[in-house]
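The lines below spell out each chain.
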Amino acid sequence: MDIRRKLEVLADAAKYDASCASSGSSTTRRDRRLGSTEGMGICHSYTPDGRCVSLLKLLLTNYCVYDCKFCVNRVSSDTPRARFTVAEVIRLTLDFYRRNYIEGLFLSSGIVGSVDGTMEQLIAVARGLREDHGFGGYIHLKLIPGASPELVAEAGRWADRLSANIELPTEQDLRQLAPEKTHAEVTGTMAVVADGIAERAADARAGLTAPAFAPAGQSTQMVVGATPTTDGVILATADALYRVQKLRRVYYSAYSPTPHADARLPALRPPLLREHRLYQADWLLRFYGFEVREVVAPGANLALDVDPKLAWALANRDRFPVDVNAAPRELLLRVPGVGVRNVDRILAIRRHHALTAADLRKLRVNWKTAAPFVLTGDHNPAVRRLDTVGLKRSVQPTLFDDLGGDA
Amino acid sequence: MIVAAPDFAAWRAAARALLVAAVPPADVLFDDGTAPGLFAAGELPPAPTAAAPEVPRAFVALAEAVACHREAQRWDRLYRVLWRLTRGEPHLLALATDDEVSWLLRAEKSVRRDVHKMHAFVRFRAVGGHFVAWHRPDHRIVRRAAPFFRRRFPEMRWSILTPDESVTWDGVGLHFGPGVPAGAAPPPDVLEDMWKTYYRATFNPARIKLTAMKKELPVRHWATLPEAAIIPDLLSEAGDRVAAMVAHAEGAGSAAAFMPAARDLDSLRAAARSCTACGRCGPGAPPAFGVGPGGARVVLVGDHPRASGAADDLLAGALAEAGFDPAAVYRTHAVKRAPRPSPAAPREPHRGAGACRPWLTAELAALAPAVVVCLGPHAARAVLGPLFRFAERRGEPVAAGPVARAIATHHPSAVLRDPAGTGSEMGAELVRHLALARRLAARGPE
Ligand code: SF4
Numbered sequence: 001m002d003i004r005r006k007l008e009v010l011a012d013a014a015k016y017d018a019s020c021a022s023s024g025s026s027t028t029r030r031d032r033r034l035g036s037t038e039g040m041g042i043c044h045s046y047t048p049d050g051r052c053v054s055l056l057k058l059l060l061t062n063y064c065v066y067d068c069k070f071c072v073n074r075v076s077s078d079t080p081r082a083r084f085t086v087a088e089v090i091r092l093t094l095d096f097y098r099r100n101y102i103e104g105l106f107l108s109s110g111i112v113g114s115v116d117g118t119m120e121q122l123i124a125v126a127r128g129l130r131e132d133h134g135f136g137g138y139i140h141l142k143l144i145p146g147a148s149p150e151l152v153a154e155a156g157r158w159a160d161r162l163s164a165n166i167e168l169p170t171e172q173d174l175r176q177l178a179p180e181k182t183h184a185e186v187t188g189t190m191a192v193v194a195d196g197i198a199e200r201a202a203d204a205r206a207g208l209t210a211p212a213f214a215p216a217g218q219s220t221q222m223v224v225g226a227t228p229t230t231d232g233v234i235l236a237t238a239d240a241l242y243r244v245q246k247l248r249r250v251y252y253s254a255y256s257p258t259p260h261a262d263a264r265l266p267a268l269r270p271p272l273l274r275e276h277r278l279y280q281a282d283w284l285l286r287f288y289g290f291e292v293r294e295v296v297a298p299g300a301n302l303a304l305d306v307d308p309k310l311a312w313a314l315a316n317r318d319r320f321p322v323d324v325n326a327a328p329r330e331l332l333l334r335v336p337g338v339g340v341r342n343v344d345r346i347l348a349i350r351r352h353h354a355l356t357a358a359d360l361r362k363l364r365v366n367w368k369t370a371a372p373f374v375l376t377g378d379h380n381p382a383v384r385r386l387d388t389v390g391l392k393r394s395v396q397p398t399l400f401d402d403l404g405g406d407a
Numbered sequence: 001m002i003v004a005a006p007d008f009a010a011w012r013a014a015a016r017a018l019l020v021a022a023v024p025p026a027d028v029l030f031d032d033g034t035a036p037g038l039f040a041a042g043e044l045p046p047a048p049t050a051a052a053p054e055v056p057r058a059f060v061a062l063a064e065a066v067a068c069h070r071e072a073q074r075w076d077r078l079y080r081v082l083w084r085l086t087r088g089e090p091h092l093l094a095l096a097t098d099d100e101v102s103w104l105l106r107a108e109k110s111v112r113r114d115v116h117k118m119h120a121f122v123r124f125r126a127v128g129g130h131f132v133a134w135h136r137p138d139h140r141i142v143r144r145a146a147p148f149f150r151r152r153f154p155e156m157r158w159s160i161l162t163p164d165e166s167v168t169w170d171g172v173g174l175h176f177g178p179g180v181p182a183g184a185a186p187p188p189d190v191l192e193d194m195w196k197t198y199y200r201a202t203f204n205p206a207r208i209k210l211t212a213m214k215k216e217l218p219v220r221h222w223a224t225l226p227e228a229a230i231i232p233d234l235l236s237e238a239g240d241r242v243a244a245m246v247a248h249a250e251g252a253g254s255a256a257a258f259m260p261a262a263r264d265l266d267s268l269r270a271a272a273r274s275c276t277a278c279g280r281c282g283p284g285a286p287p288a289f290g291v292g293p294g295g296a297r298v299v300l301v302g303d304h305p306r307a308s309g310a311a312d313d314l315l316a317g318a319l320a321e322a323g324f325d326p327a328a329v330y331r332t333h334a335v336k337r338a339p340r341p342s343p344a345a346p347r348e349p350h351r352g353a354g355a356c357r358p359w360l361t362a363e364l365a366a367l368a369p370a371v372v373v374c375l376g377p378h379a380a381r382a383v384l385g386p387l388f389r390f391a392e393r394r395g396e397p398v399a400a401g402p403v404a405r406a407i408a409t410h411h412p413s414a415v416l417r418d419p420a421g422t423g424s425e426m427g428a429e430l431v432r433h434l435a436l437a438r439r440l441a442a443r444g445p446e
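For the record, the sequence lines run as chains A and S.
The first sequence begins at 1 in UniProt numbering and counts up by one.
The second sequence begins at 1 in UniProt numbering and counts up by one.
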C-alpha cells in the first residue's frame with residue numbers, strides 16, 4: 001500500500017479523537033535542531049467542520065484486537081486497514097513540519113499483538129523524532145491503558161502530552177460498549193503519568209535539572225451520547241479526573257455515526273449542542289469556581305436552550321443583582337454574560353472609578369444577558385426584570401446562536 | 001506641527017522630544033509617510049536636555065505592537081495616551097473603557113491576531129534546498145513575526161515574502177528586504193498533495209460548521225493555503241458521505257443487528273438463522289448453534305464448526321477419561337460457521353469472530369453455566385477477551401462474568417497435530433484440564 005493511501009486510512013481513523021490541541025507546552029529540548037513549542041497552541045488550518053488542524057493526527061495502525069462498539073477501528077468493523085512503519089510516520093511529520101503545516105504529531109494506535117508491544121511502537125516514533133532528528137515540536141502520545149509503568153514513564157520523556165482515554169463516563173457503559181477496558185486500568189495508567197509529572201515538579205523545586213516529563217500534562221476523552229448516561233454523571237467523572245489525576249483537559253466527543261458502526265448504537269446525528277454545553281459546564285468547573293452539583297444534578301442533563309451559567313443564574317435569582325462596583329471576584333464570575341477576562345478588567349477599572357452600564361457595554365459584556373443581574377454606578381432599569389416570569393425569554397440567546405460564544 | 005514618523009524608532013525619538021518640550025497632542029500631527037503629505041514635516045524641538053518622564057513599561061510594549069498597525073492615526077493616538085499617562089493619569093492603561101485606551105487595546109489585539117495568523121498560515125514550499133513562502137498579513141508585522149520562525153526552523157534556509165517586506169534566514173541571522181508581489185510566490189510543492197490528502201481525511205463530514213471555520217480561517221487567506229482549494233469539493237461531497245456512513249452503520253457488521261428481543265436459547269437459535277452479519281451464513285448455510293442440554297453446568301466452546309472426524313473422537317475419549325457424562329455437556333462454537341477457505345486469509349480472521357461474538361455472548365448468558373471450557377486460543381479469546389494469553393494461562397480457572405469461570409485448554413485438533421501423537425503431554429493436559437473443569441462445576445459457585 002502506498003504511503004498516501006495509508007495516510008488516507010490512518011488519518012481518517014484517527015479523526016474521531018477530539019483530545020488534540022497543541023497548547024500548554026513550552027519546553028526547549030536539548031539538542032533541538034528543528035521545531036519549537038511556545039506560547040499557545042497554533043491552529044495551522046481549520047476543516048469545514050470548524051475544527052482546528054494543529055497536529056498531524058494519525059494512528060500508527062487501525063488494526064485492533066479490541067471490540068469497543070463506538071470505535072470505527074474495533075475488531076469487528078470491516079473498515080479498510082493499514083499500518084504505518086515507524087520510519088514513515090517520522091518522515092511525514094518532519095516533511096509537514098518543515099512546511100509549517102503543523103505544530104507536531106498526535107499519535108495513537110489500535111492495539112495489535114500485546115499492549116506493551118503497541119506502546120513500544122508509539123514510543124519508537126517519538127524517540128526517533130527527538131533523538132535522531134533533533135525534533136523540538138509538539139508530540140502527543142496516546143497511552144495504551146494497561147501498558148507497563150516503565151513504558152509509560154519512557155513515553156513521558158519524549159512526549160509533551162500524554163493521554164489515556166477514559167472512553168465512557170461509567171464502568172457500566174464501558175462493560176456494555178468497550179468490554180476489554182476498565183476504568184481501573186485507565187486510571188491506573190493515568191496515575192503513573194500523574195506521578196511522573198509530580199516527581200518532575202518536585203525535582204525542579206529542589207533545583208535539580210530533571211529531564212522533561214510530559215510538560216503539557218495529560219488529558220483524556222469521553223464519548224458522549226453513545227449510552228443514556230446523563231450529563232450530571234459525565235461531569236462528575238470529569239471533575240474527579242481533574243481533582244484526582246490532575247488532568248489538564250477532559251475532552252468530550254459527541255458520538256458520531258462512524259462508518260461501520262456497531263448496530264447497537266444509535267445511528268443519529270451527533271449531539272453537537274450537548275457536547276458544546278458540556279464544554280461550557282467544564283469551563284465553569286475549571287475557571288469559574290462552580291461545583292458540579294451547582295451546574296447539574298447527578299441524574300439530570302444540562303439544559304440545551306440556555307448555557308449552564310445562565311441556567312444557574314436563572315435558578316438562583318436570590319443571589320442577584322450583583323453590584324459590579326463592590327462584589328468580590330467570585331461573585332462577579334457568576335454573572336451571566338461576563339467572562340473571566342472582563343471580570344479582571346472590571347476589578348482593575350473600579351479601583352479608579354465606578355463602572356456604569358455604558359462602561360460594561362464598552363467592555364463588550366453580553367449586555368442583553370447580563371443587564372438584569374447587575375447593579376452599576378448609574379441607574380440600571382433592567383434590574384427590575386430580575387423577578388419577572390419572562391426573564392428567561394428576554395435574556396436567552398436565540399437557540400444555537402451562541403455556539404462558540406463566551407461564557 | 002507635522003512630525004515624520006516612518007517607523008517606531010522615529011516615533012519614539014520624536015515623542016520623547018515633544019514630551020520634554022511640553023508640546024500638547026493637539027499641536028502635533030504625525031505622518032508615517034504612507035499617504036501623500038500635504039505639508040512638509042516640520043522641525044522637531046531641539047534635542048532634550050531634561051530627562052524624559054518615566055513611561056510605564058506596559059505602555060512601551062503596547063506601543064511596539066500598535067506601531068505595526070496599518071492605520072496612520074496610530075502615532076497620534078499613541079502620543080495622546082502617552083501625554084495623559086505622564087500628565088497626571090498614570091493608571092490610564094487600566095481603564096479599558098477609556099476611548100483612547102480602548103482603541104489602542106483593539107489595535108494591539110488586531111496586530112497580535114495577525115501575527116498569530118502569520119505564524120499559522122505561512123506555507124513554505126521547497127525550492128531547491130530553500131523553503132520559501134508568500135503571505136499577505138493585514139498589518140506590517142514581518143519583523144514582529146520573524147523571530148518565531150527563526151526559533152522554529154533553525155536548521156532550514158527560509159524566506160517569507162510579503163507585499164510590505166521580506167525576510168530571509170540563512171542559518172546565522174535574519175535579513176530583511178523589500179516587499180514582493182503575489183506573482184513572486186514560489187511554485188507548488190510536491191508535498192501539497194499529501195497535505196490535501198490529510199486535510200480531506202481528517203475532516204468529519206457529519207459535522208459541518210462553516211461559519212465557525214470562516215471566523216478562524218478568514219477567506220482572504222485561502223488563496224495562499226493549498227488545502228483551501230479543496231474546500232468546495234469537501235462541502236459538496238459531505239451529504240453523500242454522511243448518508244453512506246449512516247446506511248453502512250445500520251446494516252451489517254455485527255450479529256447484534258439480528259438479536260431477538262427474547263434471549264432464551266430457542267429464540268436465539270431461531271433468530272440466528274437470518275444472520276448475515278459477516279456473510280458466512282446464508283439461506284443454504286445456516287449458522288450452527290450449540291447442542292446439548294439447556295441446563296448444562298459445563299459448556300465447551302470450540303473455534304468454529306467443522307466436519308466430524310478424529311478430533312471429535314479424541315474429545316469424546318478425553319471427556320470420558322475426565323469423568324464426564326457426554327450427554328450432560330453443552331457444546332458450541334465461537335463463530336457459528338467455518339470461514340470459506342480463502343487463499344488470501346488462510347487463518348481465522350478477527351473479523352468473523354468479532355461479528356459473531358454477540359451470539360456466543362447471548363448463548364452463554366442464556367445457559368448460565370458454572371464453567372466454560374474454551375478449546376484452543378481462538379475460543380479462549382472469544383470468551384475471555386482478545387488479550388488473553390493462551391500459552392501462559394491455559395489450565396488456569398479464570399473469572400468469566402460474575403459467577404462463571406472459564407478454563408482454556410488445547411483444541412483436540414491441536415492435540416492431533418502434535419508430532420508426539422495422541423499419547424502426548426498435550427493430550428494428558430487436555431484430560432487434566434477437563435477433569436479440573438468437572439470438579440469446579442461440581443463444587444458450584446463460590
Ligand atoms: S458466522 Fe456468525 S456472524 Fe457470521 S453470519 Fe453466521 S451467525 Fe452471523
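Worth flagging that the hints you see were computed from the coordinates, not collected in a lab.
Check each hint, because a few of them may be wrong.
Mimicking DSSO-like on lysine-lysine, the simulated pairs with C-alpha atoms at most 27 Å apart in a straight line are [to be verified]: (1) S/K214 <-> A/K246; (2) S/K109 <-> S/K214; (3) A/K362 <-> S/K196; (4) S/K109 <-> A/K368.
Right, here's what the structure says about each hint:
1. Distance hint between S/K214 and A/K246 is unfulfilled; the C-alpha atoms sit about 34 Å from each other, more than 27 Å.
2. Proximity of S/K109 to S/K214 is assessed by CA-CA distance (about 19 Å); at most 27 Å being required, the pair is judged to hold.
3. Only pairs whose Cα atoms come within 27 Å are accepted, and A/K362 paired with S/K196 is rejected, the gap being roughly 42 Å.
4. Straight-line distance between C-alpha atoms of S/K109 and A/K368 comes to about 24 Å, which keeps the hinted pair within the 27 Å bound.
Comparing the model with each numbered hint stated earlier shows that hints 1 and 3 do not hold.
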